[in-house]
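Peer 1: Chain by chain, the residues run as shown.
2 protein chains.
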Amino acid sequence: MRPAVTLTLAAIASACIVTFVPVAAGQPDDVSPIFGVRIPEGYRNWEMVAVAHESGLDELRGVLGNDVALKSYREGITPFPDGTVLAKLAWKHVPVPGINGAFVTGAATTVQIMVKDSKKYASTGGWGFGRFINGKPVDVAQHRTCFACHEAHASDHDFVFTRFAR
Amino acid sequence: MRPAVTLTLAAIASACIVTFVPVAAGQPDDVSPIFGVRIPEGYRNWEMVAVAHESGLDELRGVLGNDVALKSYREGITPFPDGTVLAKLAWKHVPVPGINGAFVTGAATTVQIMVKDSKKYASTGGWGFGRFINGKPVDVAQHRTCFACHEAHASDHDFVFTRFAR
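Just so you know, the protein sequences line up as chains V and Z, in that order. Residue 149 is where the first sequence starts when you use the numbering used here, and the numbers rise one by one after that. Residue 149 is where the second sequence starts when you use the numbering used here, and the numbers rise one by one after that.
If a hint is listed, it holds; no wrong ones were tucked in.
A pair holds if it fits inside one copy or across any two, identical chains being indistinguishable in the list.
List time: in silico SDA-like cross-link candidates among lysine to any residue, alpha-carbon distance up to 20 Å:
1. K240 - T257
2. K240 - K284
3. K219 - Y191
4. K284 - G190
5. K240 - F312
6. K284 - R314
7. K236 - N248
8. K236 - I247
9. K267 - S303
10. K236 - G249
11. K240 - R314
12. K240 - T258
13. K240 - E207
14. K219 - E195
15. K236 - R314
16. K236 - D306
17. K236 - H291
18. K236 - G254
19. K284 - W239
20. K240 - G204
21. K240 - S203
22. K236 - R311
23. K236 - R186
24. K219 - R192
25. K236 - R192
Note that these hints are calculated values from the structure, not bench results.
Next up, chain V with everything else stripped away, as it sits in the complex (with noise of 0.2 Å):
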């Protein structure tokens, strides 16, 4: 016997997002969906462009930036010129025992990754994004939430939210 097919909206409606993923058919396991996007090679060697905390996720966040972020950010220039990559590592908050109110990195839990390419992203304010936990990346779902937010709160920096820590 052969199951019924019974077909939800949610169902249709995951099936038609995925006709709408340029990279979604046979890409390989370490790029992000929608946009392409690989954790960049010896992205940990970059330079620091800031430090952030995430206190609803209990994160601290390390971003580090190519060498074209980080001259764009030293000379105050937006829009980032296509070719910029930043990197932001996040981490869990953890407590240092002994040390009351000081927090440290503990295990990690993503890195993201935005890669300035004004054409390719055009519909996106010229970023594609990476989402990546353990280098794979997340779904086709948390893709989609990156570029509202980024517009939401950051459209007056090129929607990248980390300023520059001097």
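Let chain V serve as the given structure and place chain Z on it in line with the hints.
Peer 2: Just chain Z now, kept in the frame of chain V:
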């Protein structure tokens, strides 16, 4: 009339402390007391070791290291070799308007430097310390507290609090 001179115990103690500071007399104003440590050239271009949050001081911190430091961190080797330099940059921990629970770096507060020279700083675990506000070192009394705290809490990691954030 000349004012009467009254020496308090505190003033005497203060004078005595000064006589024990090797670099106090005539030292440049960018060098830490006791240790003679400067803010190193180009430290802001160094790689990131990790980030931290000090809620008591309402600060976020980024710890950077020179090439010697990063090599040791990546190889997991302690004690750190002579020539290791670490720079902790601290900023105010400021909320992001409109995003509940998100905090970023505000105004810079201090820059703190640790320099490894096992002979020069033999009495303080091989480390020289410098704590700077607006590029100027803080006073002798504050510099006397550095090693005691590192010794009490980080003696299992060559007196260095910060671990590498992978």
